[in-house]
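Those sequence lines, one after another, are chains P and V. For the first sequence, the positions run 1 to 505 when full-length UniProt numbering is used. For the second sequence, the positions run 1 to 967 when full-length UniProt numbering is used.
These aren't lab readings, by the way, just hints derived from the structure by calculation. Hints may contain errors.
Unchecked claim - Restricting the straight-line Cα-Cα distance to at most 25 Å, the calculated cross-link-like pairs of lysine-lysine (BS3-like) are:
no., chain 1, residue 1, chain 2, residue 2
1, V, K203, P, K283
2, V, K476, P, K258
3, P, K132, V, K203
4, V, K439, P, K258
5, V, K626, P, K283
6, P, K283, V, K433
7, V, K626, P, K121
8, P, K224, P, K258
To be verified - Covered, in the sense of this in silico footprint (three residues per stretch, anywhere, with C-beta under 8 Å from a C-beta of chain P), are these stretches of chain V:
no., region
9, 264–270
10, 283–289
11, 592–606
As the list claims (entries may be wrong) - Derived coverage of chain V by chain P (criterion: at least 3 residues anywhere in the stretch with Cβ under 8 Å from a Cβ of chain P; other residues may be distant):
no., region
12, 235–244
13, 317–329
14, 338–351
15, 389–396
16, 443–455
17, 477–483
18, 549–559
Computed from a prediction, not measured in an experiment: that's the story for all the values here. C-beta: ideal position from N, C-alpha, C; glycine also.
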Amino acid sequence: MLAMDQGVVEEWLSEFKTLPDNAVSNYAASLKDKGSLVPALYKVIRENYSDLLEPVCHQLFEFYRSGEPQLQRFTLQFLPELLWSLLSVSAARDPHTSGCIEALLLGIYNLEIVDKDGQSKILSFTVPSLSKPSVYHEPSTFGSMALTEGALSNHGLSRVVYSGPHLQRETFTAQNRFEVLTFLLLCYNAVLSYMTSTSLQSLCQLSSRVCICGYPRQQMRRYKGINARLTVTSEFLVQLITGIHYALCNGEVEVGSKALDDVLYRAQLELFPEALLVGNAIKSSLHGAALKSNNKEGARSIQVEITPTSSRISRNAVTSLSIRGHRWKRHDAVDLGSPDELMDISEVDEGVWPTGVGSDVTPPTITISNSVTTLNLGAKAIKKYRLGVRTSKDKDKEVGPLTTGRSASESVELSIKRLALTSSQSVPKAGALTSLTRTASAVFSRSFEQVTSGNSVPVPSNHTAASEASRYSCSLQEESMGYLSPTPNHTQRSPSISVHLGSDL
Amino acid sequence: MTARKSGSRLETEIERCRSETQWDKIPELVRQLSAKLISNDDLGELLLGECKLQTYLKENPIKQGASPRGPRPKLVEVRKHLTAALDRGNLKADYIQEASLLIAKLCYVEGEYSDALSHYNRLSLDDMQLVGAPVYRLSMIAEAYATKGLCLEKVPVASPALSNKNTGSPASSRSTTDREQDIITCYEKSGDIALLYLQEAEKALSAGIQNRSPKPGPTAQDQELGFFLETGLQRAHVIHFKNGNLTKGVGRFREILRAVETRTTQNLRMTIARQLAEILLRGMCEQSYWSPLEDPPTVSPLDDPTRQGHIHTKNYSLSRRPRVYTGENLFCPQENTEEALLLLLISESMANRDAVLSRIPEHNNDRIISLQSASVVYDLLTIALGRRGQYEMLSECLERAMKFAFEEFHLWYQLALSLMAAGKSARAVKVLKECIRLKPDDPTIPLLAVKLCIGPLHWMDEGECFAKMVIDMGEKAAEFRAKGYLAIGLVYSLKATDASLRSTQEEYQRKALGAFQRAQSLSSTDHLAAFYLALQLAVSRQIPEALGYVRQALQLQGDDVHSLHLLALLLSAQKHYHDALNIIEMALSEYPENFNLLYTKVKLEAMCSGPEEALLTCKHMLQIWKSFYNLTNPSDSGRGSSLLDRAIADRRQLNAMTLPDFSDPETVSGSSSSYSGSETVSPTSPPTSPSPPSPVFIFHSSPPSKNVSFRPPPPPAPPPRPTKTRNRSLSNHMTFLQFSSNWSLHATSIAASRVEQALSEVASSLQSSAPKHGPLHPWLTLAQIWLHAAEVYIGMSKPAEATACTQEAANLFPTSHNVLYMRGQIAELRGNMDEAKRWYEEALSINPTHVKTMQRLGLILHQLQRYSLSEKVLRDAVQVNRWVVKTQFKDFFVSTLGIIFHVVQREQLLTLCMCVPPSTAHEVWNSLGEVLQAQGNAAAATECFLTALELEASSPILPFTIIPRAL
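Could you build the full structure based on these sequences and the hints that come with them?
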């Protein structure tokens with residue numbers, strides 16, 4: 001270690017101690033300007049036996065404890081290097097343990113697992129659901145949600161814990177080591193945007209080494225540090241991959257892709273499905289994207305081009321959407337004796353994986369009979385439907401911001417337009433009208449029936465019918481959900497039955 | 001609609017056609033128009049000019065990135081029309097504006113950017129009315145802003161002489177940034193108005209369908225945006241990202257996405273949603289995130305630092321903006337993963353809808369396009385959900401991708417992995433089979449399948465098949481070859497444990513040893529190979545050889561918990577109990593919370609240092625349990641009336657403290673009243689469908705701190721405490737047991753109902769088949785601890801304390817055979833043989849393979865001298881189960897039948913003994929010897945005692961099979 005570096009570090013060690021409390025944030029901002037400091041600190045950490053290591057670790061911990069975000073990030077940038085230092089020592093079974101690094105890491109961990117009041121911190125997030133309106137969508141526009149068991153249980157937003165609560169740790173043991181390290185990586189990943197490219201490179205290097213040491217690939221990478229195998233856990237690898245992903249997309253293409261390969265290699269050998277899953281996904285999603293290598297401006301390789309907004313899929317190809325039209329045509333043309341065939345279609349359509357359970361699967365014959373028996377109801381039904389729309393519109397005008405009604409009526413309008421579209425694709429022009437009316441009538445009568453039956457008793461078959469008669473899935477879902485979790489707008493729905501029917505297309 | 005009163009129907013019709021971009025109808029309408037009113041000629045010119053320009057653009061679309069190439073003959077006509085319209089000056093002001101806009105657009109198409117700009121400057125676009133404007137005019141204004149932006153990008157800042165604005169001198173840099181801002185503002189305005197236009201157009205269209213009498217007009221084609229609107233909608237954020245200004249780019253994305261969807265914007269939204277999700281996942285982190293409804297941070301690490309100074313705040317306002325999603329309780333993401341997920345779900349539902357299903361060759365390209373756009377979304381979903389450990393949800397998402405998956409390896413493989421990660425093992429294996437078909441050369445896939453087969457599924461035959469696939473790959477499998485041998489070794493090893501015939505068992509053990517040796521020689525640096533070789537040797541009681549290999553394993557991986565545990569058990573088999581205890585202590589210093597090690601420690605301490613030490617360890621286990629699992633339900637602590645709390649709270653040693661007996665009123669009332677529900681769960685009528693009481697806590701068998709999901713409004717409800725809310729506790733177990741597909745099921749208990757099966761497994765895992773995937777369900781662990789304590793008390797001849805401990809376990813698992821067995825032992829201790837027999841019988845009715853119970857029952861039957869009654873039953877059982885039942889089961893029959901046969905026929909006993917594999921449970925042989933001796937058959941008894949002695953000499957303190965075997 002050069003004397004100059006040592007000087008820089010020593011200066012850094014002394015100046016923070018004398019700092020008055022109110023100058024901390026200015027000091028934190030000024031750290032960026034000390035160009036030679038960070039490389040010097042890396043050197044200290046890499047040279048495990050340096051005398052400076054202990055005071056440096058202590059200082060880094062002080063930084064972290066200060067609570068000043070910039071100082072915390074300053075400490076965190078060394079995390080990959082510190083992790084490697086710890087792991088390589090423990091793998092080499094070096095008696096000279098890196099006690100101060102352990103203490104620093106445990107210190108950060110113990111600070112991070114509790115909140116301000118000293119309670120165990122639980123990291124959770126909300127799983128968004130398309131069945132709840134958001135700033136980006138309205139549930140009624142997504143009709144084709146499969147009514148799976150999972151969809152039912154996830155109806156509404158559920159909050160899921162992804163980390164925590166964690167126990168305070170005083171020492172590293174073989175049992176808790178990766179639990180602690182995984183959590184620390186989680187903290188690191190939360191500040192990835194603030195990390196320097198040196199830190200990201202160090203993370204990639206750490207990933208590579210942890211994964212290949214002791215395996216034949218080590219020779220390929222020509223790394224000669226330790227050659228004992230390091231135990232890893234799947235969760236730890238997933239956290240590493242998250243960081244690598246960021247590095248890959250933000251200039252560190254070369255080390256990043258090497259690291260990703262190495263992690264995948266190890267995940268294969270260890271048969272870790274989680275790490276393989278995420279790693280494969282990243283690899284495949286970056287496959288097409290041309291990654292810009294670390295160019296001078298440090299530009300991020302996030303690029304966006306103007307894309308054509310029209311569908312690139314030709315109109316006459318059968319898609320999940322258009323097959324609905326096809327199916328209706330088939331219902332009318334073919335006579336009603338082939339429920340199996342129909343079931344096949346609906347399964348394909350909704351992506352309902354044929355579950356082994358089978359209890360939910362009832363032949364969707366009801367759908368067919370309905371569409372035929374109520375055929376002559378068609379005209380009336382449509383009239384009534386319009387009525388429904390009008391009333392909801394009037395209401396809209398009166399009440400003003402009664403947005404649910406308005407948007408619903410719009411979606412009905414939409415759906416009618418789409419019905420027209422789909423049927424015109426499959427039916428010769430002359431037949432379009434009749435086909436449309438039939439469709440509409442069937443849709444109406446069907447959903448009407450659902451609503452009425454739903455209103456009287458929440459029949460269990462409601463669900464099963466819904467999953468099969470997929471085109472109603474959304475509206476039905478809403479109905480059945482209404483009973484599972486009564487919502488205030490339930491009363492609003494009833495006046496305009498027709499509002500629900502359109503929402504599925 | 002708009003308030004414009006245009007009078008004639010014809011004009012309305014023209015307006016509609018312009019809004020719906022049905023240019024082909026315009027000439028006819030213009031003809032009708034001029035037939036009616038001569039003064040409308042100018043308007044006619046305007047319309048014709050517009051229609052010809054638009055038709056030209058439709059036929060010769062401008063490509064993104066390409067510049068229009070100068071004047072073209074067809075456009076001359078357009079210009080003629082438009083000039084004619086303006087010449088006479090008879091037009092209304094609105095139409096004059098329109099004509100000028102069209103001329104400006106024409107200039108752009110002809111490449112006359114400066115001319116176009118001067119037209120726009122004259123018009124002052126910002127003054128054009130948005131409120132009350134007819135729909136088509138919105139489109140014109142939007143296009144005008146976009147065109148203006150395009151022109152500004154082309155025309156240099158200062159003078160036309162400078163060809164490229166980027167080469168501008170430093171002096172002009174200020175105006176360059178101003179210009180840049182102008183350009184962006186143009187595009188942003190254009191985009192906003194375009195969105196408004198599309199919303200209005202759609203509204204008008206559906207209103208039109210409604211109002212038009214029965215005959216619906218020709219169905220509207222999918223409207224296409226065309227070059228100008230597309231540019232207007234997207235160019236602003238493209239520029240932001242090109243400039244490295246992520247904050248602004250993200251903001252623009254969000255603005256577009258927040259606008260209410262129209263049919264035309266669906267594809268745009270799908271793309272943008274995906275792109276924004278990409279940015280959130282690839283370029284943001286939790287700390288640099290800001291929510292869509294918040295203001296962006298002024299300084300963000302996301303922005304290119306060299307351009308930090310150029311941040312402009314949004315500085316324009318429009319008189320009318322596109323409608324955005326509004327309403328109460330709108331979900332607004334608060335975290336980058338949340339937002340990414342929401343966007344991806346939206347994108348996914350659209351991509352899914354566009355899945356091309358037909359497989360005819362003409363649609364190959366379409367199919368590829370739809371597959372690509374969907375698989376990008378699914379990959380991103382995987383990244384987002386994987387980061388948060390939500391594999392259950394991920395597997396459901398990926399199942400929806402299956403409509404794309406025909407012959408697509410990547411999608412199948414990802415589904416298989418997600419199912420595996422979500423613990424849906426059986427289906428994962430099925431999907432993996434398809435993956436193997438699609439990619440037969442990849443050794444990882446069959447290995448993953450073996451992992452599941454020998455782990456949670458216990459499908460040994462399938463496991464063998466998969467493992468053989470890897471071995472058959474030979475050299476191709478490279479590093480995975482050793483893994484293949486390891487896998488097949490494990491299969492054989494587990495099969496040997498399950499085997500019923502002595503010859504089969506020996507065969508499997510031989511095969512397993514061979515495979516492990518092969519694995520070890522192929523990969524000498526793999527500690528697992530050495531370890532499993534050692535374990536297999538240990539199971540077949542080759543103790544010294546096993547010790548050699550376990551040492552080797554420990555050299556390779558010094559802190560491997562299983563190797564250390566095996567070493568301790570091997571030492572205990574050699575009766576070096578103190579050494580074994582030292583090893584356990586050492587292992588515990590690295591794995592302080594490993595209950596498996598602690599169980600062994602209890603046993604060893606009871607042996608070496610007396611029951612007091614062992615009880616202390618039991619107490620320590622309870623403490624660990626509490627700190628470990630109480631953390632997941634913080635509200636549970638502090639109200640302890642249960643034995644657990646008392647045991648921990650009491651500073652004295654567990655054996656010295658007075659345990660609450662059942663005269664304690666509180667405990668009694670608590671147990672009698674609240675247990676009643678669970679007591680009805682008798683072994684004979686197991687609850688087949690425990691009503692799932694919204695499983696508040698879903699524990700997976702992975703680390704207990706993870707995957708605890710709960711719903712937001714009520715804070716995490718505590719799982720029921722052991723004493724008060726026993727019923728819920730039980731049903732929670734049930735739900736857990738029923739739904740946890742990670743649970744390993746014994747091959748023998750298939751006849752039992754699912755719950756019973758699970759429960760008996762719960763219990764039997766107390767014994768031999770130790771947890772296979774990390775710590776077991778916490779309550780199960782707790783029950784195990786209590787039972788261990790009870791055993792220590794029995795060893796101390798303290799029936800009251802033992803009863804109390806057993807009761808604690810019984811409260812958690814009333815139908816566990818281990819609890820019943822323990823009760824039988826206590827009854828024996830109290831000298832109550834009839835009661836003991838009843839308990840043993842009940843234990844056997846739940847788990848007919850529990851060897852210890854059989855042994856005890858055998859002895860009791862003997863003591864009670866009820867040979868004749870049991871003889872018929874047992875004979876029948878042997879007849880039925882002769883070739884099916886597990887080893888231990890036969891031991892039981894041999895020992896008990898031996899008693900009976902002894903009376904009848906000694907030869908038969910010997911035949912029986914020969915045809916079943918030798919039990920390694922020396923106690924069984926010992927009991928058998930005792931029985932025979934008591935019957936006066938000294939010769940046979942001696943044989944048995946000798947066998948017992950021989951086995952005892954190599955018997956570990958706990959069975960070797962307590963160590964989990966998994967890949």
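Right, here's what the structure says about each hint:
| no. | hint | result |
| --- | --- | --- |
| 1 | V/K203 to P/K283 | violated (43 Å) |
| 2 | V/K476 to P/K258 | holds (23 Å) |
| 3 | P/K132 to V/K203 | holds (24 Å) |
| 4 | V/K439 to P/K258 | holds (24 Å) |
| 5 | V/K626 to P/K283 | violated (42 Å) |
| 6 | P/K283 to V/K433 | holds (23 Å) |
| 7 | V/K626 to P/K121 | holds (18 Å) |
| 8 | P/K224 to P/K258 | holds (17 Å) |
| 9 | 264–270 | holds (count 4) |
| 10 | 283–289 | holds (count 6) |
| 11 | 592–606 | holds (count 3) |
| 12 | 235–244 | holds (count 6) |
| 13 | 317–329 | holds (count 5) |
| 14 | 338–351 | holds (count 7) |
| 15 | 389–396 | holds (count 7) |
| 16 | 443–455 | holds (count 4) |
| 17 | 477–483 | holds (count 3) |
| 18 | 549–559 | holds (count 4) |
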